[in-house]
Structures are given as C-alpha cells and as structure tokens.
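Colleague: Now for the letters of each chain:
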Amino acid sequence: MTPILELRNGTKEYRGVPAVKDVSFTLERGEVHALLGENGAGKSTLTKMLAGVVEPTAGEIWVDGQKVDLRSPLEALQRGIAMVYQETSLVPSLTVAQNLYLADDKHFHRLRGIYIAGQQFLQSLNFHVDPTALVSSLGAGQKQMVEIARAVHHNAQVIIFDEPTATLTPEEKHQFFSLVDRLRERGVSIIFISHALEEALQISDRITVMRDGQHVVTDETSSFNREKIVQAMVGRSLSDELYGSGRDRKVRRAREKVLSVQNLSMAKVVRNTSFSVFAGQITGVFGLIGSGRTEAAKVVAGVLKRDTFHGGQVRLYGRPVRYRVPRPAVLDGIIYVTEDRKIEGFFETMSISENIYLAAVAGGQTRSPVISMKEMKSIAKQWTDLFNVKAINGDARVIELSGGNQQKVVVAKALVQKPKLVIFDEPTRGVDVGAIAEIHQLINRLADEGIAVMVISSYLPEILHLSDRILVCRQGRVVEEFAGHKADEHTIMYAAVH
Amino acid sequence: MIGGLIRIWDNLLGRGEAAVTVPPLDGALCPNRMLDEADQRFALADVDCLAEVSGELVASAGSTVYTLKNGKDWNKRKDYEAEIACIASVGGDGLAVALLSGEIVIDGGTFDGRRYVASPDMRCITAMTASGSTLFITNGSASHGPDNWQLDLLQRNASGSIWRLDLETGTVTRIAGGLAYPTGIAVVGDRLVCSEAWKHRLVSISTSGIGEQEVLYAELPGYPGRLTAAEDGFWLAAFAPRSQLVEFVLREPAYRRRMIAEVPQDFWIAPKLRSGRSFYEAMQGGSVKQLGLLKPWSPTMSAGLLVKLDADFQPHFSLHSRADGATHGVTGAVEHQGRVFAAARGDGVVVSIGLDEIGDGE
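As they're listed, the protein sequences go chains S and L. With our numbering, the residue at position 329 of the first sequence is 325, and numbering never jumps. With our numbering, the residue at position 295 of the second sequence is 1173, and numbering never jumps.
Bound-form chain L, shown alone (with noise of 0.2 Å):
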C-alpha cells in the first residue's frame, strides 16, 4: 500500500524510480571518435561476435564464419544451417558456434564436430565463455529470440538467465535466472561476471549459481553487451547508449503498447544498433536555436562504445563513435597481435586500433 502511494508520488514528481535520468559519459568514459579514427577499417556487412581461435582473428556474420587473412581481407571459414548468435574460443584452438535454433555446434580442438541442444528455453543465446571443459551461457529472454531485443526491452521483461554446459557429457544446468538480458559473460576464479543489458550493470554470480549477486559496477550510461578477457583486465562492448527519450518511453506503459502495435519496428523510439538514417525516425525532425542558429537535433539512438575495465571492473578508458560517427552498434570485441579489434554491427565494419596507441588518461 505504502509502496504503491510512493511509486504514485514519484510518478508524479519524477522522482525515485520514475527519474527520468541517465548517469553521464565522462570520466573514463568521456567521448572520444577513436572507434572512428581507427587506422584499419574492415567492411563486413552484419558483423556480430569476434573470437581468437588457433591465433586467428573470426568473426560472425549472418550465418557464416570469417577469418581474417593476412591482417586485410575476410576469408569464409564455415557456413551453418542457421543463423549465428555467437561464437565463441573454446581451449585456444576450438570454436564454439551458437545458432539461433538453438544448437551449439564446436568446429576445431577437443571437442570437434560434437552438436549440443541446449534447451528448449535457450532460444536467445547472447554471449558464450569456455573455462575448461565447460561452456558458460547467457540466454537473453526467454519470450524473445535476439532479433526482436528491442522488443524485450520495451516490454520490460527480465526473463534472461545463465547456463552451463559440461561439453565432455553434454549436461547443460540452468544457474540464474530472472536477469534483465544478460548480453555478455566471463569467468574470474570461481565466480562469473554477467552484463545485465536492461539494468545497465555488471553483477558477479558464483559459478556454481549459489549465493548471493553482487553487483560490480552500475549506472551505466550505455546498454552493456559482451565481455572478453583483455591482456590486464576486460573489455566491455557496449551496444547502445541510454537516452533520457527512451527512459520516459520506458516509464510510460500506454504509449509502449501503442507503439509496438502501430509503429513499424525501424521506427520505434528505442536503443538501436544504427538510427539516423531514415527522416521518419521519431524526433529527426527536432531542433533547437542555438547561438541564434536553428540547428537540426535529435537525441541519438545509437552511437558506438567500448569500454575497457580493469581487472575489478571498473572503467580504465573508452573508444567511442559519437552520434554522427560510423561505427555505431559494438557487439564484440577481442584483443588480436597487440590490438584491439571491435565488432560495429550498425554500420557492418570490424575497426582495430593498437593497445600502443590508445592513451589511458594517465
């Protein structure tokens, strides 16, 4: 009863969790264009998830898998039945591929040619981790495929959950459950470091799924997504920045339910991979008189970001593309021959830059 007066009054108010606020990019993560101005730029049209495998650089796209040759152009390693959620390095010389049906197939190393079904629930595979024998798993949604993210978000939904598959008998376990789409996975000791997309956070949760969650980092100013291992800590890609238009859109269930309805998906006020292309997106016909100048604005969908953390999690720098960038939508990333190599699904490219040559602030 209490709490419901209250949510009432922050309603009205704005406050408390009706706040319509989104934590601020500075600090570590002050924008920059060095995803922008990476010296190597590699096309590749619906570029997902990166892994090394056999010291090779692969990339997902669609329902292939590439490497890169030579440091310039993209080879096609495997294609697959179905269209491809994730990849990800199993024991260095392995590749763990899973597919939107739902199987995990492993190409290379110990467990060559094995198919696993997961469960009938993994239908939103986001991000895998080996540690040993074992795969660990996050399942976006349990309502939505990874296609229809957007959707999950808007509907608010925390169905997402951690599984862990024994690739030697095939046993998968079901860890945690009812995170708000874990999108990115890693293992530190004995316990496992998860991206919570929806709640903008990264929480550690013991592998074994006992105990309590504890909460790494929060308030981040972007919706977290995969996580890979760096030389001297992690590197989080982030696949689109919160807006304080999409928190108010979040707060209003009536309009949600209107917009999912009515609107065509492209055009929904939402976090997206790459916005800003079509003159019908919500709000791009917006502007402000700035200086006595009636400049064009909209507040920007997407923008391109990745953070590297150190090895308690918490930020150390960050590459950005701004709202007028070109390598918007970083789905992965992975650390390859002294550089880091960063998947930009918006805008189809893999940038690299050299670890030499990004400044850390210091």
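Chain S on its own, in the form it takes in the complex (with noise of 0.2 Å):
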C-alpha cells in the first residue's frame, strides 16, 4: 500500500549546518506515528519540511504516491497536510471563530455565520471554547485545542501534531486521546511529536527516534517500552536522573521569606489566593488549567493587574508592592520565565546574544552605559556555555533554535538579570528529556544558592521530583500545601480536582 507522506533522504541545512540529515519517514494511511527525539534531534525541522513551512536543502516528498514540492503551508493545506504547532500559531487579536476560517475568505467576514458554525464544530469535537472569545484571552491549554480545532477543519488527511498535550488539562488529554482515535478511524493519518513518553507509547501504532538530526529508529509501537525509547534517543539511561529518585531526597529547609501574597483577587481567575515564597527553596505550585496559578504567578511579577478595588496584597520581604508594568518587579528582583515563550519569552527575529543582553540591559546588570557589542558577545557567551545552548554562534537567531534551547535562552535571560525570586512557568513545556534534566538541576542550583524559586507546572513527576514543599491551586486559589517529599501524584491530584 503506497504511504500516505513519504520523504526520501530528507536534508536540511541551516547556514551549511545540517538540522535534518539524509532521514527518509514513511507514514501510512490511517496510522499515528510518533516521533520522538532529544532536543535538537530534529524532529521539527522534519515535521516543517513536511508541512511545507521550510523547503528541504536536498531529498523528495511524497504525497499519496506522487513527488510533491511543497513550498507553503498553505500548498502543504491544499494536498491535505496540516500541522498543529508547538506553539500556538494563531491570531491573538482575531476570535477563535475567525482563526478557524482564516484561510476562507468567502465566510471570514460573515461573523455571525461562523460563531454559529464554529460553536457546533468546537462542540462536535467535544471542546468548550467560546468561538467569540479573543484569543489573546484564552489559556495555553484552549489556545492548543484552538489549534487542533483548525487542523480538524480544515479537513486534514495528515495532520502533524507537535507537542499537543504539553498543555492539556488530563481530562483534556483524554479528551485528545479520543479525538485521535476518531481522526484515526476517520483514515486521517497523525504525526505525533511528544516528549511524554507514556503518551508516544499509549496512542502510536508506529515510532520513530531521531537523534542529532538523524535517523536512528523506527518499529512498532509494541516493541519499545519507556527505557528502550529513552536510550534510543539519548544513548544513555535519563530516568533516574529525571523523576526517578524524587522522593528519597531531602528538602531544603526554608530560609526568609521572600514573597507573600496575601488575599490577592483578580477578575474572576484569581479569587482571594495566598501563599508565600521563601529564599533557598523551590515552591512547586500544581493545578490544572484554569485554576488561577498562572494568573497569579503574573500579578506578583507585574503582568497583569489585580483587581482594583481590594484585590488583597504582595509582600517582597515584608514591603507591600504594587507592580503594574513588569519593569519594576524585574529591578526589585522579580522574574517570571513564561510558559508562552514564543509570545513572551524572546523577540524571535533577534540573535541569542541580542536577546540574553536585552535583558541584562533591562535589569540593569550591564557594565558599559551604551550598548556595548563587546559585552554583548561576552555575556551572551558566559550563559550559553553554561546553560549548553546548541546554536552556531551568539549571532542565531532565537527562532532558529529546537525547543529546548529556546527555553534555554528564555531562562538565560532571566538569570542575567540577577533576580531575587524566580517564577518559572511550565518550564520544561516543548523541551526533550536530556534538555529537561539540564534545566531541572539549574533550578535545583538556583534554590542551594539561597534563590527563591517558584515552579509552576502541570506535570506532576516534575513537581514531585523538583518541589520542597508544594503548593495545590485549584478554582482560582491556593487550596492545600504538601512537603515535597511527603506528597505523592494521587493527594496532589485528588486536591487539585475536589
């Protein structure tokens, strides 16, 4: 039976440096294909090139038995290939009904037409998502089924999905879950990028394993298990090192208190939450989407705004502060690492080095009074050794990076700055797992250094393995606080949801 995609010898080159080499991938018809790697193994540059989104240095694409060039996206749409992005790609100033028709010009502008269609098309896949709300308001978890939603619509016979559960809910995954087996009975074909393993194991019926930008393995789903992918990607055994040993450490025992946010309320998210920060521990805070700990986390950093009239307190070492612009809260020592990093987190079409010393430069911890292209490269150097950022030189730009190293920059950034309090959200999200354990021990390395660090994140091994103590959000507020090494998946769960 002829594949539905196929690429043959498969070259990407980026500046004469090889992302993708001489890989050849074959998907079937009706099958969901996971693809697996470290970061920087390639796995995105083969998906793009297979959605057009970049055109291979040298191989052929394939699609339905025929040697396709697919120079767009939009060419990629025509023949039935659509992708669904790591982060998202919609518009935020336009409604969740008009990015579902955005590429249809005859129904765009009929509003009203497609509120009510989109409305029984996100109802028809199960989605609760308001098809006139704005989509800079929604949450990163509505804005990847947004995401899926258009990939659906647009009646996709492959659909590529990168990292699609990173945000999802656990009653959205499943919801996901069922999605893609409906997608799969439907004869739609699925490209699956993930780096929860569990996940790659429990819907595939194909993986594949990528490292360093080639090809290692590709068998049935049935023959791996957790270790054999982990090796496989890596060459080494990363579980203990990742979430292995969570619970046999001991904590860090508090210091002073840092951050107190007393009673603090905003709109209808954040309702009368507090909780407090101390110096030298890592403060792992859980809930699922929706259940205010991001929108909290963002008005102690100056993000967002709290509510105007008694919207409560934030105490940074016993001072009551007010932020309304994030400026003052980074010169206080406040910074929040985004879970959005692509909106967020870097300006993309910047360098590394441009990027790691703008942020120096805002938080003020740069030698020279003018720009200095000097210092710039110096600086740019010092973090990205230290944090390992694979990229040719400082002058990459951002967006050319995998995932990982993006966050690896994002953090950077951060750290430049000399911050007091740390709030990192999602850290790991879009990150594989040789990257991960990078980041998780340079957290870990934050808090012995006496930083007060703040993780928010809705994967449970990795609040478990990093978090002293933790701290359960649910409907908007703080709602139970575990030791780090006392609490287990299931009370952090049963909290989160009751």
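Don't take every hint at face value.
To be verified - Within a straight-line C-alpha distance of at most 20 Å, the following computed SDA-like cross-link-like pairs (lysine to any residue) qualify:
#1 S:Lys301 with L:Asp888
#2 S:Lys246 with L:Ile1236
#3 S:Lys301 with L:Trp887
Hint data in this document are derived by calculation from the structure and do not stem from the laboratory.
Hints are included, so try docking the two chains, each in its own frame, into the full complex.
Modeller: Printed below as a string of structure tokens:
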C-alpha cells in the first residue's frame, strides 16, 4: 500500500549546518506515528519540511504516491497536510471562530455565520471554547484546542501534532486521545511529536526515534518500552536523573520569606488566594488549567494587574509592592519565566546574544552605560556556555533553535538579571528529556544558592521531583500545601480536582 | 493633608493600611493536627500559663497553681488570693506568680515569700521572664485588664509596656511603652524579645530600653502570645488566629462602637480562645455551596497554634489545632522532660507531645 506521506533522504541545512541529515520517513494511511527525539534531534525541522514550512535542502517529498514540492504551508494544506504547532500560531487579536476560518475568504467576514458554525464544530469535537472569545484571552490549553480544531476543520488527511498535550489538563488529554482515535477511524494519518513518552506508547502505532538530526530507529510501538525509547533518544538512561528518585531526596529548609501573597484577587480567575515563597527553596505550584496559578504569578510579576478594589496584597521581603508593569518587578528582583516562550519569552527575530543582552540591560546588569557589542558577546557567551545552548554561535536567531534551546535562552534571559525570586511557568514544556535534566539541575542550583524559586507545572512527576514544598491550586486559590518528600501524585491530584 | 488623602483613597480601594488581608498559614506554619493528635492530654479548666520549677511542670488556672504529678494528675500546689495573671520560673527553683491585683509573689528559691507591688499602672500583666535577679514583665494594656483583651484589640489600643523588676531591691523601671498588647517576653543576651499581639510581630528591644526596636518576625497569621525558651530556639504560643472578617471589623470604627455597646461580648466579631459553641456567634449560620452541596461555613475565630522558632526567631515548624479541633486558644508552652507541653485555655487542656515525635519537615 502506498504511504500517504513519505520523505526520501531528506536533508535540511541552516547556514551549512545540517538540522536533518539524510532522513527517510514514511507515514502509512490511518496510522498514528510518534516522532521522538532529544532536544535538537531534528523532529521539528523534519515535520516543518513535511508541512511546507521549510524547504528541504536535499531529498524528496511524496504525497499519496506523487512527488511534490511544498513551498508553503498553504500548499501543504491544499494537499491535505496540516500542522498543529508546539507554540500556537493563532492570531491573538482575532476571535476563535475567525482563527478557524482564517484561510476561508468566503466566510471570514460573516461573523454571525462563523460563530454559529464554529460553535457547532467545536462542540462536535467536545472542546469547550467560546468561538466569540478573543484568542489573546484564552489560556494555553484552550489555544491548543483551537489549533487542533483548526487542523481538523481543514479536513486534513495528515495532521502533524507538535507537543499537542503539553498544555492540556488530564481531562483534556483524555478528550484529545479520543479525538485522535476518531481521526484514525476516519482514515486520517497523524504524526505525533511528544516528550511525554507514555503518551507516545499509549496512542501511537509506530514510533520513530531521531538523534542529532539523524534517523535512529522506526518500529512498531509494541516493540518499545520507555527505557528503550530513552536509550535510543539519548544513548544513555536518564530516567533516574529525571523523575526516578524524587521522593528519596532531602528537602531544603526554608530560609527568609521572600514573597507573601495575601488574599490576592484578579477578576474571576484569582480568588482571594494566599501563599508564601521562601528563599533557598523550590516551591512547586500544581493546578489544572484555569486554576489561576499562572495568573497569580503574573500579578506578582507585574504582567497582570490585580483587582482595583480590595485586590489583596503582595509583599516582597515584608514590603507591600504593587507592580503595574513588569519593569519595577524586574528591578526588585522578581523574574517571571513565561510558559509561552514564543510570544512572551524572547524576540524571535533577534539573535541569542541580543536577547540575552537586552535582558541584562533591562535588569541594569551591564557594566557599560551604552550598548557595547563586546559586552554583549561576552555576556551571551558566558550564558550560552553555562546552559550548553546548542547553536552555531551567539548570532543565531532564537527562532532557529529547537524548543529546548529556546527555553534555555529564555532562562538565561531571566538569570542574567540576578533575580531574588524566579517564577518558572512550565519550565520544560516542549523540551526534550536531555534538556529537561539540564533545566532541572539549573533550577536546583538556583535554590541551593539561596534564591527563592517558584515552579508552576502541569506535569506532576516534575513537581514531585523538583519541589521542596508543593502548593495546589483549584478554582483560583491555593487550597493545599504538601511537603515535597511526603506528597504523591494521587493526593496532589485529589486536592486539585476536589 | 496628603497622608489624609492617601488614607481616604486606600480606604476606598482597600489598599495599604486599609487592605483587609491576612498572611497565609503556609511554609513552617502549614496547618496540621498535631495538637489534637497529642498522645497525652491533661484536662485542667481555665489553664493559662505553664512553667518548669524544680524539675516539675506547674500550671496556673484561676487563682491556683497546680503541679503535674507522675506525669498523670494535677495536684494543687498553692491557692492565691486573686486570679493569677501569669507565672514564670525564677532561678530554676522559684516561681514568680503575678496576680490580677497587680502583686507579684515569689514562691521558693532565693526570693521565697517576697511580694512586690509592681506599679499602679500594671493591671494587665501578660507575661514574665527572669534573668538572674531581674524579672522582666510585659503589661498588655494601660486601660484594660487581661480579661478584656478583646476590647483592647477592638479599641485598637497600643498602650502596653515592658517593665524591669529588680527582685533584690524591688525597684521597678519602665523599659518601653506604646506597645500594641505585648504578651510574651524572652531574654537573649542584652536584648529582650517581645511579642506584640495586635501588630502580629516579634520585636527586639534593649534590656536597658535604650536604642531602636528591631522587628524580628512580622506578619504572623495569628496573635502572638507567650514566648518560652526551648532547647534549640523558642516556643511561641499564638492564642488566636487572624481572619479577614476581624481585620475588616477593625477598620470599621462605627461598627465596632455599636457592636461593643449593643452586643454581648461572647458574640462579638473578635478573635476568641474558643469559638463555635453557640449558634448566636456571628456568621455561624453562613453557608457556601461547594460541588453542588450546601455546606455550613463560618470563619473561625479560634484555633490552636504553637510555633517553634529557631534561635533567630524565625519559624521552624508549628503544631496546630484546626477549626474543628479541640485544643484551641494556646496561651503557653514549656519544654519538660523531652516533651513540649502546651496549655490550651480555650478548651481547658494541657497537651504533651514528645519532641522526638515532632517532624520538622526535613
């Protein structure tokens, strides 16, 4: 049977450096094919070639037995290939329905019509998203739903999902898996990139593992297990390094209270919530999407504003503070490392050096009073070396990096400002296992150095592995606190949903 | 003028001084049920203050001092002619007993039998601690006795003071004044550490009273009470929890005036050593709907909280009795024979927990 999509000896080079080298890949009709690999393994580049986002330097793409040249995503879409990106590619200033019908000139301006159609379509997918809502007002999970809905809406025969479940709640993940099953039954073929290996093992028919831009192995899912995949991905066993021994470690004792949030309220999202963050400790914050954890952190960092009337208090080292914009918060040593790095984390058209230097300037951490190229290069080199950012050099644009390396740049931007309190929001979202271990080590090192660290994550093993104390959010407030070494997944999840 | 405008603005928006907020019980103060789950409980009605004298645990209740015999029963040690305000160990084998009449009586030890009338201004002795032949005394309020502490809070007074009594000469010296209901005191070198209840903080003051006050720990989520030295730090008894409702009432002078004038004291919206026993208490009839179920709800006015502080007076861990517990209103604590004893006046009980049973979260 002819594969629906095939890449033959595909190579993609950026400035002479190959991101994908001589890779052949086939996707059978109606199969779910998981594509796995470490940070910078070339997964995203491979799928971008298949989706017409980038053109291969060498190699051929065959769709349904025909050799094709895919010069743009629109061409790929016309041939039935849609891609749901790791970071959402929606237009934030348009409504959900307008985003769904963005490429449809005929219907785009008929708002009433597309709202009704959008509502019916979203309901058919069991996605609870308001079609009239502005995309900018949606949380990350809901944006992901709209992305998925858009791909399904275009009646694509091949859908490429890049980290589709990273931002979804367990219930939403369940719905997503049901959706994948329904698509498979309809004969739609799916390429599924994920760093959650259990998910790949659960829903895929075949698995392909890539490493350093090269194909390592493709086989039936039944012949894999977690350990085998990890070894194929990184050539070493990382499971212990990642999440294996979280409960055996000793938790750090709290030092000085750095942050005290008291009865904070923001619209209907953050409701009278109170919590503290201490120096020299990692405070993990777990909650389902909509629990207000990100919004509370953003109010602390000055990204969002609390309620005007009786909005509560935020105290930094006992001093009441109220930030209307992030800059004074940054100057006071509060850094928020965003969950949505593409939109809020970096300037994608700027180089790594420029991004890091800009953060240093914003935080007042430069020696030179004027812009100094020499200092820029030296600061950037120091941080890229420290974080092992894989790039040709500091002049590479951040957008050209893989998700994990982009995240390292975002973290470097935060730390260059010498913070006293760092809030990591989903620090390893869309990051491969190798980079996860590096980012975790870095977070631990910060706490060991006495910095107050807050880690917001939807991934329970990560929370359990990192946190000295765990706060659980539900319906806009912190409802429970656990000592890091005493909590388990069941009790945390119970607190989060009951 | 500008300050006044800012206050009006803050009152309107609920910010600054007018922010009705309470610090969270988290970190070292994370709630547990350790006080209620204590393996030893000794009932003693009206128990208030604890001390260790000559290797024995003594407790004051009403006008009587009791001794815990054989780790089981309370034996009457001595009756006094007036209600006891507080007690403190003097030199290890003497007991200083402060009476509501303003007298301080010494039983046992070097100064056995001596009686001191501290000062006519001291009608609200809340805590004492001895250092050599000097007794440091906190006087909670200049206008109310210790039984009227709720009124002192609702009137937002700050008339408390700290005094030094020389047991040799009987000389009494005022060290500091203008404190917001000082309720606990400890001596650390040449400094005194005092818990200022209505400002929810611990402050350090020179024993001579000269020099600046230094805030050691602020923003407590409860009203701090007596301080006692522990093997490696201090125990702080917090006699009542703070709540947003009380904070709100404290910012409404007209409401407070009417409440004090028209409502019986038992039903005031104010912190209590024990609450929830009467349906007539404010908000007891409130309810919230959660997960489709209508649940009874009211902000608790009492709870049990004993905080272990490290040598720098920062909280290390804490023992709690939650809203539905039975060890409310902790007014004193002392370490004795490898255990910590806590007097819960609200429920008339002394609980004891082995120090080795208390996890410190590490």
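Colleague: Now look at each hint and say whether the structure bears it out.
Modeller: Now for the hints, and whether the structure bears them out:
With a CA separation close to 17 Å, the supplied pair Lys301 (chain S) and Asp888 (chain L) stays within the 20 Å bound. A threshold of 20 Å between alpha carbons decides the hint, and for Lys246 (chain S) with Ile1236 (chain L) the separation of about 17 Å falls inside it, so the pair holds. Restraint check: the Cα-Cα separation between Lys301 (chain S) and Trp887 (chain L) comes to about 18 Å, which is no more than 20 Å; the hinted pair holds.
Of the numbered hints stated above, none is contradicted by the structure.
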